[in-house]
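*Asks:* Protein sequence lines correspond, in order, to chains U and B. With the first letter of the first sequence counted as 1, position 67 gets the number 67 in this note's numbering; the numbers rise by one all the way through. With the first letter of the second sequence counted as 1, position 64 gets the number 64 in this note's numbering; the numbers rise by one all the way through.
Hints should not be assumed to be uniformly reliable.
Example chain U residues on the side facing chain B (calculated, C-beta under 10 Å, incomplete) [what the hints assert, rightly or not]:
#1 128
#2 132
#3 144
#4 147
#5 149
No lab work stands behind these hints, which were simulated from the structure alone. Idealized CB from N, CA, C, for every residue including glycine.
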Amino acid sequence: MTISTGANAGLTSATESGPCTRVSIDPRGPRFGGAITTVVLAIALITMGTAFGTAVIAWQTIVFALGAFIGLRAQPYGWLFRTFIQPRLPAPAELEDSAPPRFAQLVGFGFLAMALVAALLGGTLVSTIAVAFALVAAFLNAAFNFCLGCEVFILGKRLTRSN
Amino acid sequence: MTGLYLVLAILILATAFGLWYRANNGRMRTTDMHTAGADEHGGETLDAQTIGVALGTRATLVQFSSAFCQPCRATRQILGEVSGMVEGVAHVDIDAEANLELVRALDIRRTPTVLVLDSAGRIRKRASGLPRKADVIAALGDLD
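Work out the full structure, taking the sequences as your base and the hints as a guide.
*Replies:* Printed below as a string of structure tokens:
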């Protein structure tokens, strides 16, 4: 016997009131995107402090913004996955809700926006730290299926909201 | 060159963390909370009013979920299967965001978190992250 006490209601309100629309997606898409993001962020760190490095940060900021505010389908790495990778793979065992990966894109956008502003103002150390955090999250997501929303969402609510 | 070494260091540390994360995620632990409500089993007690459903006659699986949690759905499925399979086991899925008072009282930090209550409502086991079905069944066996 399974009873949900408002869990599903909570899900619906959280997605309908936010920028997210509820879509089911192939779970391999976000992990593929995480792998590309890992490579892009590693390049950003290696070239940090150069104009090229700042351009890479700007690119990834746009990618995260598209994923977070428009949708995973509008995200370039998601498009790559659907166009070139997915047709070559067997159908996924099951589909997943797109809200958790979109939340991760939003957190990634926060770090990269901070990194971009810092890089443009010459704050290489701040920019490096922000990109490093995003790199850790992207790598853990791609390699270990790490769920960022699971780790930070409730802690964030506990810190920012009263009962 | 500094950037390259930094990237390598980050990837090595993140891999170490990832291996630890994978080994510990969803593991059932026997609760040992030395709190005011603790008894000889060491756990706190939840009642039907707090969790919103009647306690199972044998055990109750209390799941805390959130909106941005990927493995919560799979957890719901596993716990639903176990409660359907084992007589006297109830399963309740609680939205952590909507029940912050309870979440704070039980110090729940991640979703999914699963509490295994015995017939008296004592919290005897706790797992955070997607639990394995065999571990959930084993946890029920340990209650007796």
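*Asks:* All hints, please: hold or fail.
*Replies:* Here is what the structure says about each hint:
1. For residue 128 of chain U, the interface hint holds, the least distance from its beta-carbon to any beta-carbon of chain B being 7 Å, beneath 10 Å.
2. Against a cut-off of 10 Å between C-beta atoms, the interface hint on residue 132 of chain U holds, since the closest Cβ of chain B lies about 6 Å away.
3. Because the closest C-beta pair between residue 144 of chain U and chain B is about 4 Å apart, less than 10 Å, the hint holds.
4. Taking 10 Å as the C-beta cut-off, the interface hint given for residue 147 of chain U holds, the closest approach to chain B being about 4 Å.
5. Restraint check, residue 149 of chain U versus chain B: the minimum CB separation of about 3 Å is within 10 Å; hint holds.
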